[in-house]
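Student: So the protein sequences, as listed, match chains A and B.
By the numbering used here, the letter at position 60 of the first sequence is numbered 60, and the numbering carries on one by one without gaps.
By the numbering used here, the letter at position 296 of the second sequence is numbered 296, and the numbering carries on one by one without gaps.
These are computed hints drawn from the structure, not numbers from a lab.
If you're wondering where the values come from, they're calculated on a predicted model, not measured in any experiment.
All C-beta atoms, glycine included, are put in the ideal place defined by N, C-alpha and C.
Hints should not be assumed to be uniformly reliable.
As the list claims (entries may be wrong) - Derived coverage of chain B by chain A (criterion: at least 3 residues anywhere in the stretch with Cβ under 8 Å from a Cβ of chain A; other residues may be distant):
(1) 60-69
(2) 262-273
(3) 315-328
(4) 332-339
(5) 462-473
So the chains spell out like this:
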Amino acid sequence: MKTIIVVSVVTLVVLALFPQIHFANAQLGQKTSEKQYINLRAEVWNEFFRMTTAAFVVGAIVSGTMIWLVWRFRESNPKNKTPTRWEKFDDPTTGTYEEGGH
Amino acid sequence: MVLELRKPRPVWQIMFSTHHTDVALLYTITGLAFLFMAGVLALMIRTHLFFPGQGILISDPATFNRIFTVHGLTMLFLFALPFAAGIGNYLVPIMVRYKDMAYPKLNAVAFWMNPIGGALLWLGFSDTSWVSYAPYSVIRAPGPAADMMIFGLKILGISSILSSINFVVTILKCKHPDLPLRQVPLFAWSILTVSLMTLVAMPSYAASLIMLLTDRLGVSGFFNPSAGGDPIAYLHLFWFTFHPEVYIFLLPAIGMMYELIPRFSRKPLFSQASGIFAFVMLGLIGFASWGHHMYSTGMDFTTKVVFMIGTLAAVPASGMHVFNFLATMWGGRIRFAAPMKFAVGGIALFFSAGAGGVLNSAMPLDFITHGTYWVVGHMHLFLTGTIAFGFVAMAYYMFPFITGRMYSEKLANIHFVGMMWGTVQVFFTQHLLGLEGMARRIYDYPAEYTSWVELNQIATVGAWILGGSFVFFLANLIYSVAKGKEANMDDPFGLGGKYYYPYQAKNPTHHTGY
Numbered sequence: 001m002k003t004i005i006v007v008s009v010v011t012l013v014v015l016a017l018f019p020q021i022h023f024a025n026a027q028l029g030q031k032t033s034e035k036q037y038i039n040l041r042a043e044v045w046n047e048f049f050r051m052t053t054a055a056f057v058v059g060a061i062v063s064g065t066m067i068w069l070v071w072r073f074r075e076s077n078p079k080n081k082t083p084t085r086w087e088k089f090d091d092p093t094t095g096t097y098e099e100g101g102h
Numbered sequence: 001m002v003l004e005l006r007k008p009r010p011v012w013q014i015m016f017s018t019h020h021t022d023v024a025l026l027y028t029i030t031g032l033a034f035l036f037m038a039g040v041l042a043l044m045i046r047t048h049l050f051f052p053g054q055g056i057l058i059s060d061p062a063t064f065n066r067i068f069t070v071h072g073l074t075m076l077f078l079f080a081l082p083f084a085a086g087i088g089n090y091l092v093p094i095m096v097r098y099k100d101m102a103y104p105k106l107n108a109v110a111f112w113m114n115p116i117g118g119a120l121l122w123l124g125f126s127d128t129s130w131v132s133y134a135p136y137s138v139i140r141a142p143g144p145a146a147d148m149m150i151f152g153l154k155i156l157g158i159s160s161i162l163s164s165i166n167f168v169v170t171i172l173k174c175k176h177p178d179l180p181l182r183q184v185p186l187f188a189w190s191i192l193t194v195s196l197m198t199l200v201a202m203p204s205y206a207a208s209l210i211m212l213l214t215d216r217l218g219v220s221g222f223f224n225p226s227a228g229g230d231p232i233a234y235l236h237l238f239w240f241t242f243h244p245e246v247y248i249f250l251l252p253a254i255g256m257m258y259e260l261i262p263r264f265s266r267k268p269l270f271s272q273a274s275g276i277f278a279f280v281m282l283g284l285i286g287f288a289s290w291g292h293h294m295y296s297t298g299m300d301f302t303t304k305v306v307f308m309i310g311t312l313a314a315v316p317a318s319g320m321h322v323f324n325f326l327a328t329m330w331g332g333r334i335r336f337a338a339p340m341k342f343a344v345g346g347i348a349l350f351f352s353a354g355a356g357g358v359l360n361s362a363m364p365l366d367f368i369t370h371g372t373y374w375v376v377g378h379m380h381l382f383l384t385g386t387i388a389f390g391f392v393a394m395a396y397y398m399f400p401f402i403t404g405r406m407y408s409e410k411l412a413n414i415h416f417v418g419m420m421w422g423t424v425q426v427f428f429t430q431h432l433l434g435l436e437g438m439a440r441r442i443y444d445y446p447a448e449y450t451s452w453v454e455l456n457q458i459a460t461v462g463a464w465i466l467g468g469s470f471v472f473f474l475a476n477l478i479y480s481v482a483k484g485k486e487a488n489m490d491d492p493f494g495l496g497g498k499y500y501y502p503y504q505a506k507n508p509t510h511h512t513g514y
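Okay, chain A solo, but in the shape it has when bound (with noise of 0.2 Å):
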């Protein structure tokens, strides 16, 4: 518990910590105000489509094993008929990754 809460804190800290490096660094080369408005529209821009780019691979990939997931371990797949090692006790969902339950 914890370590939950201190991984918790320590990674807002980062998200918190990380706009205000870069736009600081993106301030340093600018002289005037308005000069320094009309950069970091653009700054967000490229941002924004940096990020747009990797939300969108990252979700085709993830969509697709979805998609695949869904298609192999369904019950009916002929691939999938022997009932799974954790089928055999009382409650199949007991345990975790963490606890050795797979």
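Starting from the known structure of chain A, fit chain B onto it as the hints suggest.
Tutor: Leaving out everything else, chain B in the frame of chain A:
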């Protein structure tokens, strides 16, 4: 867990009971009843927009405004929140191995505030839209409708706070001493997270409602520009509550999927710790993004960037849930009964809704889509595509445990296909309508704008399909309660093994949890 529908019991005995399963039944039925009522309003709106310039079904703009206001308020406050509280009431005490909720009477009181709040919203039929932005809601919105809405929301807010206190105390203080918090099932974790979020978020909205009311009464001018007030202050108070509220609606649906996916994959959950971490992260990040609803209000650049990054920070945590689901399904032997179909459908649409959210949060695109049908499509894709899918999945899953009978799988399949098809058709099309420039909340539009006409008609047909699928849902519930097959209460879905929670509820000495 069988909820006395088969055992003859006077209705008043259930109504005035404080037992958690009775209160849960009341919450669930109330939530579903309001879902159907608000759904009828949605169909009226969509059917009206099918015929531009003709005023069919809704004859004047004021009535149109009232209809979409009550539709939104009902879906959010009288369906989503009570339904999640209902399932929470059923499962949380069992999951933490306690006999009931921590404060059973408070639990019943919190429930009974819902019909009262609902009656005020429906009898008032306000026209302010669910957000009630100032200054319209202060200086122009007709009373007593707007005042009744404020009182209704106040009561519903207090109900949320009371039930949140109850869930937090039940989970943290009443759980069995042998059960470490990290091993509490993830559905209970989702309820714990949203309860804590409610306690932090709700006071801001409660304050803004009082300020709105005193402004309307003319004794203050917090949001009234002519009295020196600032309408933007209302937006900050409102969205400080209601962006976290998005997660308060969403996380219980994710928690329900955590309950269903291992069960129907017949294997253990992949990772409990990452699920907890992602819930906690979303609970915190939910408070870092309210400003993205207000980019166009003249915020300074740095603030907008901070809110943009704050919003995008939700992506990794949301992704952790999805990867956890996929890793759990991997290597399983998945039975696609109705609950699993809806759960997997909800995950698929969660992706599309999330992608829309990434685009919304980027401020340059936000300026283009602000106040358009894009936003309507996005929020509905989340609310219907993920949250309602999760809730419907859970409704089917709980059905045999509540009634002792099985629902009709055939009708449930028709419901699934119709709901999936309808959701995609209505809400994807609304995104396109937004990019075409159609503003949200408009009563009519010119018939000469052919692209708007076509897209509106496509969306409306989708809404009819979606609405039709819910007719099958309702018919299934009513028919199966009365004439459904007797369910095998140890294993109603034929998955093998013993169902942990319902089985444990009936056999308190049995425990095989994680």
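Student: It remains to establish, for every hint, whether it holds in the given structure.
Tutor: Hint by hint, here is what the structure shows:
no. : hint    : in the structure
1   : 60-69   : violated (count 0)
2   : 262-273 : holds (count 11)
3   : 315-328 : holds (count 6)
4   : 332-339 : holds (count 5)
5   : 462-473 : violated (count 0)
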